[in-house]
Structure formats: C-alpha cells, structure tokens
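J.: Sequence:
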Amino acid sequence: MKPSVDRPYLIIPTLVVQETWGGHYISSYKEIKNDKINAQKIGQSYELYGKSLLSFADATTDPRFQEDLVECNVGSGALSRGVLALQELIQNDPARVLGDVAKKFSSMPLLIKFTQALGNSFQLHVRKTLEKDPRWKRKPESWYYFEDGIITYGIKKGADMAEYKSVCESIDREMHFISKKLKEKIISFESANSHMKEVIQKFNPWKYVNIHRVKKHTTVDLSPGAIHHSWEEDPVGCPLGNVLYEVQRDVSDYDSTIRSFDKGKIQPGGIIRELHIDDYFKHIDTDPSHNDFELAIQKRTVQNLVSTPFYSLDKLCVEKELMVDMGNSFVHLFVIEGEIEVETSSHAITVGRGHSCVVPHAVGAFSLSPSSGKASILKTYV
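0 is the number of the first residue of the sequence shown in numbering that gives the first Met the number 0; add one for each residue after it.
None of these hints come from the bench; they were simulated from the model. Predicted, not measured: the structure shown is a model, and the values here were computed from it. Among the hints, erroneous ones may be present.
Stated by the list, open to error - Restricting the straight-line Cα-Cα distance to at most 25 Å, the calculated cross-link-like pairs of lysine-lysine (PhoX-like) are:
| no. | residue 1 | residue 2 |
| --- | --- | --- |
| 1 | K179 | K201 |
| 2 | K164 | K179 |
| 3 | K179 | K196 |
| 4 | K214 | K314 |
| 5 | K281 | K155 |
| 6 | K164 | K214 |
| 7 | K262 | K196 |
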C-alpha cells in the first residue's frame, strides 16, 4: 500500500516485558488475545515514539492489525505489507506529518507510554539543558493516572539536604560493598537482599521526601523539571502498582534521568544501577512553593489536562460527532473507554479501548464519533 499523509493510522504498540515490576493490566485493557503475550508481565506499551509502526488496517479488531501486533511483539518480526514505519512517513514529508514542530525536529519528538509499574528510583530531570553541564538533557513529562497510585513528589519542607545527601551516599557505598561480595560469591543473593533491606530501613530516605496518594484520573505535571519524584509500592492500597499514561519528550533515560537512590535493587550477579548523587543534589529544586504537590495536580478545564511549551494533553468525552481542527500539529489519540471512529475527508479508521492512532498534520481537520454510546479519549499534540 502507498503511504499517504492525508489519512489517520492505527499504531501497533510496542510492548515492553518487565517481569520484576510489570503486570497484566495493559494486555487485558487492550483485550489482546494471545496466550504468549498474556502470560508475560508487561511494564509499558509504547503508544507513540520515533520507532512506532503504523498499520494500514481500518480497525483494531481487524485480524491483520491483531496479527501484526502479535508478530511485532512476540513473533519473528515478519510483519505484513500493511505496516509502515512512522519515521519513513515523516522522512517523506516532515512538515505535512509533524506540523510546525518539523522546523526543530526531523523525527517524532514525543514519547507516549501506557505504564504499569511498581516502585522506581528516587530521581529528577534537569530544569533546562545547560551549556556548562551538557551531560544532562531536559525531559519534560506528565502523567495521567488510570488507577489509584502512590508516589513521592518534592522535598519535605525543612528537610536537611546535607543529611539527606549523606544518607544516599551511605546507602550507595553499602550497595557497592554488597555488590562486590555477591560478584565474588562470598554471600548469597538472598543474604545480599536481606542485608540491604536492613540498611535501607536504618537510613530511611523517605523521611526527606513527600509521599502522596494519587487518585484515579489525576494528572501530575512534572514538565517544569528539577523536582524529586518516584513511584512507590503499596501491595494492599495499590495492588496494581502505578497504572498511568506518560507523555514526555523523547529523550533517553541515560541522557535525562538523575538518580540518588535505587531502593536496594541488585541483580543476582551483583549488578547495581549507577547513581548520580552529586548531580541530583546539584540540580534539585528545594523551593517549598515548587515542591507543593497541589501545584503539580492543579485543576484544569474539563478538556485540557496539561498545556506546556512541549506538548498539550486533552481529555475528550465523545457522545456525538465532534470536529477536531489540527491547528499547527499532528494529533495522537488514545482510547480510554469505548470505541471511536476517526474520519478524514479521504479515510476512516476505528480505534478500540486501549489503542492509539496518529493523525498527520496534513489532514487539517477530522471528525470523531463513538461507535456506540460514548467514548473517552486522550488527545496529545504540540
């Protein structure tokens, strides 16, 4: 089939297996009917990024789409002829696919992920990329919660930052000591984990940061940068972990994520994650007003959840036909509930719950209609 920038495309999600911290929420939500995929713990589904694959199928229920989804994720990679690389479409006509952002970027600038995760490291992203400190690149991001979750956000008012840094350094030194013993097979993996659990309980880094319960449908905006954050675990209160939709600039973790504490995680072979404690404390924003969680979840209009210089995220409830003007950007749509028909002047596709599509800028305008009843969607654009 010949690629065209005048039509919408279904996106074949890239499913990321994470046996230690993922789950079965994502594959169930997408109603994937494949035993091999459903047996795996999926941590993330890449809904849009530079390496996204597009489908020529007209519906997410189309067997061709389902077959390519399976083949892309657990098969040999022998995709059908009805698959197109997003980057190929962009390269052929950047401005007509991306819109005005093509003046700055030659590839998709956003990364959108559907995530189910247990706890992760204490971390932050820099407020801006500094010429004098080129190691770190800015990574604005925002989260929309699908289920109740638990996080840390910001530093506690009055926290002793020198003491907090000393705690992180002490834990890191002990992690390296235990890592060496494990690599030399002096201690067992079980002993290493048990020891680090005791060390972390003794130092308790959580006493320096704010812990918050996040309600379903809450949006957390981390785009300003320099604010401490992490996902946390509560098997009783949040048995699913943190289930959320992440919109961010597509910058690698290596270039953007500054970590101070990895919660004692160590692999059986003794491998531990590199931390950046000095840089974390160099770049962290301790201004109490900036560390106020209420500002990060400030209520927006019914439609607009987040509006930043890097991206905007809207939530739309579609009960009847709705016309959408493209503005100066491409549009990405993710279906939260129901099923929608996306129709342009030349083509129409149907997108089911848990799935995505991208509409090139050249389309200009398109209509959204629920297949039956009503549908709820997330709309991202720049």
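J.: Run every hint past the structure and note whether it holds.
T.: Structure-based check of all given hints:
no.	hint	verdict
1	K179 x K201	21 Å, holds
2	K164 x K179	23 Å, holds
3	K179 x K196	17 Å, holds
4	K214 x K314	16 Å, holds
5	K281 x K155	17 Å, holds
6	K164 x K214	30 Å, violated
7	K262 x K196	9 Å, holds
Checked against the numbered hints above, the structure breaks only hint 6 and satisfies the rest.
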